[in-house]
Amino acid sequence: MSDAAPLLSVRDLRVVFDTRRGRLVALDGVSFDIAPGEILGVVGESGAGKSLTGTAVIGLLEPPGRIDGGEILLEGRRIDTLPPAEMRRVRGRQIGAIFQDPLTSLHPLLTVGAQLEETIRTHLPLSRAEAKARAVALLREVGIPSAETRVSQYPHQFSGGMRQRVVIALALAAEPKLIIADEPTTALDVSIQAQITALLRRLCRQHGTGVMLVTHDMGVIAETADRVAVMYAGRLVELGPVDQVVRAPRHPYTAGLMASIPRMGAREAVLAQIEGSMPRLGAIPPGCAFSPRCPSASARCTAEVPALPPGGTGAACWHPVAEPAHV
Amino acid sequence: MLAFLIRRLLNAAGVMLTVAFLAFMIFRFVGDPVELMLNEQATQAQRDELRVRLGLDRSFPLQYLSFVTNAARGEFGISYRNQQDVIVLIAERLPATLELVLVATVLSLAIGIPLGVYTAIARNSWGAQLLQFGSVLGVSLPSFAVGILLILVFSVTLGWLPAFGRGEVVQIGWWSTGLLTPSGRMALVLPGITLSLFQITLVMRLVRAEMLETLRTDFIRFARARGLRARSVSFRHALRNCLMPVITVTGLQIGNLIAFALVTETVFQWPGMGLLFVQAVTFVDIPVMAAYLMLVSFVFVALNTLVDLAYAVVDPRLRQDSVKHG
Numbered sequence: 000m001s002d003a004a005p006l007l008s009v010r011d012l013r014v015v016f017d018t019r020r021g022r023l024v025a026l027d028g029v030s031f032d033i034a035p036g037e038i039l040g041v042v043g044e045s046g047a048g049k050s051l052t053g054t055a056v057i058g059l060l061e062p063p064g065r066i067d068g069g070e071i072l073l074e075g076r077r078i079d080t081l082p083p084a085e086m087r088r089v090r091g092r093q094i095g096a097i098f099q100d101p102l103t104s105l106h107p108l109l110t111v112g113a114q115l116e117e118t119i120r121t122h123l124p125l126s127r128a129e130a131k132a133r134a135v136a137l138l139r140e141v142g143i144p145s146a147e148t149r150v151s152q153y154p155h156q157f158s159g160g161m162r163q164r165v166v167i168a169l170a171l172a173a174e175p176k177l178i179i180a181d182e183p184t185t186a187l188d189v190s191i192q193a194q195i196t197a198l199l200r201r202l203c204r205q206h207g208t209g210v211m212l213v214t215h216d217m218g219v220i221a222e223t224a225d226r227v228a229v230m231y232a233g234r235l236v237e238l239g240p241v242d243q244v245v246r247a248p249r250h251p252y253t254a255g256l257m258a259s260i261p262r263m264g265a266r267e268a269v270l271a272q273i274e275g276s277m278p279r280l281g282a283i284p285p286g287c288a289f290s291p292r293c294p295s296a297s298a299r300c301t302a303e304v305p306a307l308p309p310g311g312t313g314a315a316c317w318h319p320v321a322e323p324a325h326v
Numbered sequence: 000m001l002a003f004l005i006r007r008l009l010n011a012a013g014v015m016l017t018v019a020f021l022a023f024m025i026f027r028f029v030g031d032p033v034e035l036m037l038n039e040q041a042t043q044a045q046r047d048e049l050r051v052r053l054g055l056d057r058s059f060p061l062q063y064l065s066f067v068t069n070a071a072r073g074e075f076g077i078s079y080r081n082q083q084d085v086i087v088l089i090a091e092r093l094p095a096t097l098e099l100v101l102v103a104t105v106l107s108l109a110i111g112i113p114l115g116v117y118t119a120i121a122r123n124s125w126g127a128q129l130l131q132f133g134s135v136l137g138v139s140l141p142s143f144a145v146g147i148l149l150i151l152v153f154s155v156t157l158g159w160l161p162a163f164g165r166g167e168v169v170q171i172g173w174w175s176t177g178l179l180t181p182s183g184r185m186a187l188v189l190p191g192i193t194l195s196l197f198q199i200t201l202v203m204r205l206v207r208a209e210m211l212e213t214l215r216t217d218f219i220r221f222a223r224a225r226g227l228r229a230r231s232v233s234f235r236h237a238l239r240n241c242l243m244p245v246i247t248v249t250g251l252q253i254g255n256l257i258a259f260a261l262v263t264e265t266v267f268q269w270p271g272m273g274l275l276f277v278q279a280v281t282f283v284d285i286p287v288m289a290a291y292l293m294l295v296s297f298v299f300v301a302l303n304t305l306v307d308l309a310y311a312v313v314d315p316r317l318r319q320d321s322v323k324h325g
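Top line first, the protein sequences correspond to chains A and B. Going by numbering that gives the first Met the number 0, the letters in the first sequence line up with residues 0 to 326, in that order. Going by numbering that gives the first Met the number 0, the letters in the second sequence line up with residues 0 to 325, in that order.
Accuracy of the hints is not assured; some may be wrong.
Some but not every residue of chain B turned toward chain A, in silico, with C-beta under 7 Å [what the hints assert, rightly or not]: (1) 217; (2) 218; (3) 221; (4) 223; (5) 224; (6) 225; (7) 226; (8) 236; (9) 239; (10) 243.
Examples of chain A residues toward chain B, derived with CB under 10 Å [claimed, not checked]: (11) 83; (12) 89; (13) 92; (14) 95; (15) 98; (16) 99; (17) 100; (18) 107; (19) 108; (20) 112; (21) 121; (22) 166; (23) 173; (24) 179.
Worth flagging that the hints you see were computed from the coordinates, not collected in a lab. Don't be surprised by glycine CBs; every beta carbon is placed ideally from N, CA and C.
Kindly generate the complete structure, drawing on both the sequences and the hints.
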């Protein structure tokens, strides 16, 4: 799928926070593509810069955060330099967003229908009646029963899973080509997580929508994503097809992540973990940010920052884990 | 819920009885009303007769009881100065004060809410900083100073607006209104601004604080992420979430406005209840003072009780609590 012209193309993205104690580099040299209809999973620990990447793409960075370098292209058009009024028209119409908590993402004092209709009419030239019909159709599409009556209810009358369905309907309201889904299932019950993930996957396949799926849940990634990007301390450390990254990770950090997922059936007394913790933004070591925790770090690792291999697939590492023979 | 209601109403009644007691005590502390009402040549027989007629020969609790029962019926006796029923005097003046308070409330919402939204959205702009600074002035300037300043500029120097009085009024039943005549409306401008200045800054600061909190919420972030227009995000989505406390505070402040209209009314010679009270103080017209005290406290207590009850209706936790304890 990656041979198609990219829908979203992020090149050398650098996001900084200018604080009183100096400049913090939160994202550094992040590059990836998303093809139309492709689901790219973005994983990493808290603070690795996953959500921040999504926020930067939809242009909602809050000061003091700002894009300091690189470019973001949507269908070949540069969007990171658009004036705010034009970027607003891109949001919702071309890039949709889904956030973590469906309980707080909806306005508590407006009906679900009112929120859908406003979003539809902001982006599409439809009459009030047409927008209302579309709102009902959207609710039906995301699997909300008796959508005709539900459309005039308030968010608190919906369960958590149903609310996340409403959020998905809102994100899809104007048929965007790309959806940034930031931890869309983290706040939900495990039983509902699978439903929502499947729904998201089905809708995006049907509409040919590209998805940037931000999560720390490798299970969700393995089920849903086509490719995976692994982030660590504001940098991309590994990018590749989901099977390859999950089964045969090349970066020692990814390998550590995969090893730390408990397996069903295997009775382990101690769960595997990566020693140490991710550095704070103000204290990222020179060279590879993972080097202090890396079992195979060498002198080169603490001096030079490794880059992803040309072509953007593989591990940003001087000493990648050897590829298994059968791959 | 019923227990909560009864408890609230009992509280309100308790406060009113206490206020009535204080109002009643004024009569006793200021001296013998019989001495005040009769001239020096009156005979002892005349004095005794008046004393009996006024019920002053009865015991203290009995007198208090009759004061309370009369007050509950709206009877506060006869003004020493005008020899008119106090309640008639107050009814004449009530529309003027209420219209002034109404105008001040409308002004405070119409000006305070947009300013609050603006100072929250553009909180780092120099305009918002200036307004924040200005609002400190608005809170700290006494209203008599503001009133006199406004009169100096707009009445004396520029001559645009009247400096005192209500202008022409139109009678609608017992209610006299200045809102229907041009001169009545002109006369409302300066006192209205004077009375509302504090309110405007209060509403502005309240809306600003609530907006800053709401703007950080997920649903505002999500509204932005859907590309909704900035104006809609600010006013339709964020402001809507801020209005509950604004309504509460505005409601409670109406009592304050009625009470503090006294100063504004004095500065502008506004023929309202406040001015009536100030004149009553000058002439030691105790029935009028007592009636005013009772009326203003009644407004306060009524508003507070209504707000408490409204909370209980809105917030189910309050209802649960009252069931458990009541």
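Inset, instruction - Mind checking the CB of residue 218/B against every CB in chain A and telling me if the closest is under 7 Å? - result: Where the cut-off is 7 Å and the nearest Cβ of chain A is about 5 Å from residue 218/B, the hint holds.
Inset, instruction - Mind checking the CB of residue 166/A against every CB in chain B and telling me if the closest is under 10 Å? - result: 7 Å, holds
Inset, instruction - Classify the hint on residue 92/A as holds or violated, based on whether any CB of chain B lies nearer than 10 Å to its CB. - result: Status holds, d = 6 Å.
Legend entry - Status of the hint placing residue 217/B at chain A (closest C-beta pair under 7 Å): 4 Å, holds
Legend entry - Interface hint compliance - residue 112/A to chain B, C-beta minimum distance less than 10 Å: Cβ of residue 112/A sits 14 Å from chain B, so the hint is violated.
Inset, instruction - Report holds or violated for the interface hint on residue 100/A, using the least CB-CB distance to chain B and a cut-off of 10 Å. - result: Hint on residue 100/A: holds, closest Cβ of chain B at ~6 Å, below 10 Å.
Legend entry - When the least beta-carbon distance from residue 179/A to chain B is tested against 10 Å, hint result: 8 Å, holds
Inset, instruction - Under 10 Å, Cβ to Cβ, is where residue 99/A needs to be relative to chain B, so tell me if that hint holds or is violated. - result: 8 Å, holds
Legend entry - Proposed interface contact between residue 108/A and chain B, which counts if any beta carbon pair is under 10 Å: Cβ of residue 108/A sits 5 Å from chain B, so the hint holds.
Inset, instruction - Against chain B, run the beta carbon of residue 173/A and see if the smallest gap drops under 10 Å. - result: With a minimum Cβ separation of about 8 Å from chain B (threshold 10 Å), the hint on residue 173/A holds.
Inset, instruction - May I ask you to test the interface hint for residue 226/B with respect to chain A, counting a Cβ-Cβ separation under 7 Å as satisfied? - result: 3 Å, holds
Inset, instruction - Under 10 Å, Cβ to Cβ, is where residue 98/A needs to be relative to chain B, so tell me if that hint holds or is violated. - result: 6 Å, holds
Going through the hint list in order, the structure does not satisfy hints 10 and 20.
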